[in-house]
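Chemist: Chains as they are written, first to last, in my numbering: chain A, 17 to 547; chain B, 241 to 459.
Some clues are possibly wrong.
SDA-like mimics (lysine to any residue), calculated; alpha carbons at most 25 angstroms apart, straight line [stated by the list, open to error]:
| hint | chain 1 | residue 1 | chain 2 | residue 2 |
| --- | --- | --- | --- | --- |
| 1 | A | K199 | B | G349 |
| 2 | B | K338 | B | P351 |
| 3 | B | K346 | A | L296 |
| 4 | B | K338 | A | L296 |
| 5 | B | K356 | A | M70 |
| 6 | B | K338 | A | V43 |
| 7 | A | K251 | A | L109 |
Note that these hints are calculated values from the structure, not bench results.
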Amino acid sequence: MVRRLTLAFVVILLLVIGLLPVLSMFVKSVIADGRLSLAAYEGLLASVRQWTLMGHSMVLSSLVTALTVAVGVPLGILLGKTDLPWRRFFTLLFVVPLLIPPYIVAVSWFDLLGSEGLLAHVLGASATRTTARLLFGLPGCTAVLFSIFLPIPMMLTMIFLRTINPRLEEAGRLVAGWRGVMKEITIPLVLPGVLLSAMLVFLLSFGEFSVPNFLRYDVFPVESFTQFSAFYNFKAATAAAVPLAAVTLILLLAESAFLRERTYQLRPFPERERLPLIRLGTHRRWLFASAAIAGLVIVIVPLVVLVIQSAGIDAYAEALDRAGGSLLRSLAYAVAGATLLTFLGFFTGYLVQTKALRYWRSVDSLTIFLFALPSTVIGIGLISQWNTPWTNFIYGTPVIIILGYLAKYTALTSRISVTQLAQIPPSMEEAARVAGAGWFRRMAFIVAPLARRGLVAGWVVGYIFSLRDTGITMLVYPAGHETLPVRIFTLMANGSPQLIAALCMVMITATLLPAGIAWMVPAVLKRKVIG
Amino acid sequence: MKIVGMDAVSKFYNGERALDNVSLEIEEGERIVILGPSGCGKTTILRLIAGFIAPDTGAISIAGELVSRDGRIFTPPERRNLGMVFQDLALWPHLSVKGNIEFGLKARGIPREERKRKIREVLDLVGMAGYADRKPAELSGGQQQRVALARALVLEPRALLMDEPLSSLDLELNIRLRKEILRLQEKLGFTMVYVTHDRDEAADMATRVVSMKQGRIEV
């Protein structure tokens, strides 16, 4: 009973935080002066510009998806399935762009290739005319989003590779070489993961507005954001957000119909057994060189550019002077968001894993829907629901930002919990139950300690995504509560390149430092224990 | 003719000795059963013979050819012409029964018509004619077992390695399938290396039983 009540409370919380804002937004978009009205949509559909923007969004998302999958899947196989040297380092390296706010990557490429960028200083302005032209518009947006979302197909391929029973590949290896085994057995088995990653990249590119906004490529999500923040036309902003939600819903329904059963539970094969690796032999050198060059261009060059651009203590002093408060607020909100996300994700994950309530599948679908939903849609939804005189204690305080994090990112911590909980035999909890422990006691002393690695990973992921969030925070932050990503975004219009680069470096450090610590501490402890 | 030869083979996992100086010879047509408790190194022997792992010390030969020695593999699994039935069967879930059997034939470049004939024959042999288009998940445990056997036999291997293939079945089905395996072995005459922890099963299946304990062959 306690279990059911607690989990039901978690479900209600998710509905209030996530679903209600989206529904409220939709209802408000079809009601004018107390009557049903589709005027906002008629205006939207009649506008040629809107169709052009939608076309741009579709083209951009399709290009980014095709490129990331074409490169990310082979990269995932290379890093997850072969004896390439430095595989772990490369994996971490390629993930970095996904962990920082997307527009920071765009800023660094602008600092390098822009008409007044570093390259222009070295080679002269005429030499960078073409690169600057390409950077602004579809090619630049595609390239930047490609580098940001490349880790998604790469990581999902690696994760799905780990779920394959090694016996299936060994059975193939008895009669065929690795090439045949990969083609006929391994790749078909990871195909659901590849398709899932393609869908995720498409939806995330489709909803991304900070990079297209900075690189001046007009896409649909920018419209919703502009209508609200520039013109304060809430009805038009809402109407512009609904098609984004509709596209997300359609794609997720397709995923649910075709893939969900096959991607539902990712159970990594037990670590004690080494996965069979492909020996690269003579190909090892050139593949290593290719991975190193790709990592250099995609990750290291943009970071080095920011370091060079921000060089000098003055830039950092000014950065802290102008945005020190935003940094502290960002850290505080991210820590609070991560902690709540860990709790909410744990209970949601438990519900999904144990199927404790009949509607567990709907709850899981809801979290995924909210994650895939463009940030602008969630932001507009939150405003629509909470911007009332009675709920100003939420809307007028940082609580609204935290609610945004919970709505958008619970899917991540929930998925991590599901994966971790799937590896704990049900008998563990059953044994505690037989011993007379109540549900909370079982959770606190048996299940949570066994799932601690997942909880720590969930916290770190929650922290990173809360800290890097720009889309929701930009729309909902109360006056005087802006976060660092928002501060950087607004300063980009008139701040000096040195100041922006310094702020970006501060942001990157704040994002990656806890992740680095979380990664290193267990390794150090393990070494000590062994020593 | 000697099909498999293991000469003073040792194997370590994370510093722990899994096999300790094991020497073993298996003659053509022999039904050898490796018997022992869990963790005694039985499966390691099969994986060494198959070529999935290399011995840390010692040498292994197949049909007189040196295939691995002292941490190095000279002949990869696909060039050893061995069949294997895994403990969990390892039927490829995305392929049909026919697809599972055809994979190895395709890999060897056998023409389409011949492939069809061989698949038909082997399915007849294991009593699974009519199930070619089913997916593994649509079969019972015993039927899956037969498909795993058919997949291994269709390539006419030098030896068939069987890693506790019947351990997950109930006793009645287990005994029935033992008889079928013996019938097939008598009919086709293949060499069989069979791993089990069950003494009755070992007595039923073997022309020779090799007992193992803590990584060593007991004399």
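Chemist: Against this structure, judge whether each hint is valid.
Modeler: How the hints compare with the structure:
Among the hinted pairs, A/K199 with B/G349 is consistent with the structure: their alpha-carbon atoms are about 15 angstroms apart, no more than 25 angstroms. For the proposed pair B/K338 and B/P351, the alpha carbon gap of about 15 angstroms is at most 25 angstroms, so the pair holds. Note on B/K346 and A/L296: the hinted pairing holds, with a Cα-Cα distance of about 24 angstroms set against a maximum of 25 angstroms. The straight-line distance between the Cα atoms of B/K338 and A/L296 is roughly 31 angstroms, outside the 25 angstroms bound, and the hint therefore fails.
As the CA atoms of B/K356 and A/M70 are separated by approximately 51 angstroms, the hinted pair breaks the 25 angstroms bound. Only pairs whose Cα atoms come within 25 angstroms are accepted, and B/K338 paired with A/V43 is rejected, the gap being roughly 54 angstroms. At roughly 43 angstroms between alpha-carbon atoms, A/K251 and A/L109 are farther apart than 25 angstroms, so this suggested pair is violated.
Violated hints, listed in ascending order, are 4, 5, 6, 7; each of the other numbered hints is respected by the structure.
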